Amino acid sequence: MLDTSTVILLGQIPDPTELPDESVISAITLAELSVGPHVARDDAERSARQQHLQQAEADFDVLPFDGDCARAFGSVAAALRASGRKPAARAYDALIAASAIAHAVPLYTCNPADFAGIPRLELRSVTHPYHQQGTERSVTHPYHQQGTDS
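Residue numbers (our numbering): 57 to 206.
Some hints here could point you the wrong way.
Unchecked claim - FRET-style restraints, in silico, Cβ to Cβ:
#, residue 1, residue 2, range
1, Ala144, Asp122, 15 to 25 Å
2, Asp122, Pro175, 15 to 25 Å
3, Pro120, Arg176, 16 to 26 Å
Hints listed in this document are in silico derivations from the structure and should not be mistaken for laboratory results. The structure displayed is predicted, hence computed values, not measured ones. Each residue gets a CB set at the ideal place from its N, CA and C atoms; glycine is no exception.
Using the sequences and the hints, build the whole thing.
Structure (structure tokens):
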């Protein structure tokens, strides 16, 4: 399962061998990508985000968020609280982690720190294209306005 950051950065991943041969996404990632066109600052950005959403829908099977995922979310939220983090502040990430746990698939992410310390989560780190030596820069998540979740 690819998390949202990995889906967004897919064409920029420096080492594609870090990715699985076949990928799926959670319904939560699809929901998160669906926010993008609605919070775009202008028509060009809205169009690009809509295209990205449609490409993700075409490229990936979407695993549902079901009762097993909801139950797994309870343990994910508890683990985040125990580590001093607020589950609500990273709600999308917590729900995606719960999806990966419930569907018993590894989670591939460019932001492994977002998922650190979650029991039963099989986490696979993917090199973030902007975190390579010499390319460090601040990146705002393109699907949310400044100051909101994720």
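Let me make sure I understand: some of the numbered hints might not hold for this structure. Which ones are they, in numerical order? none
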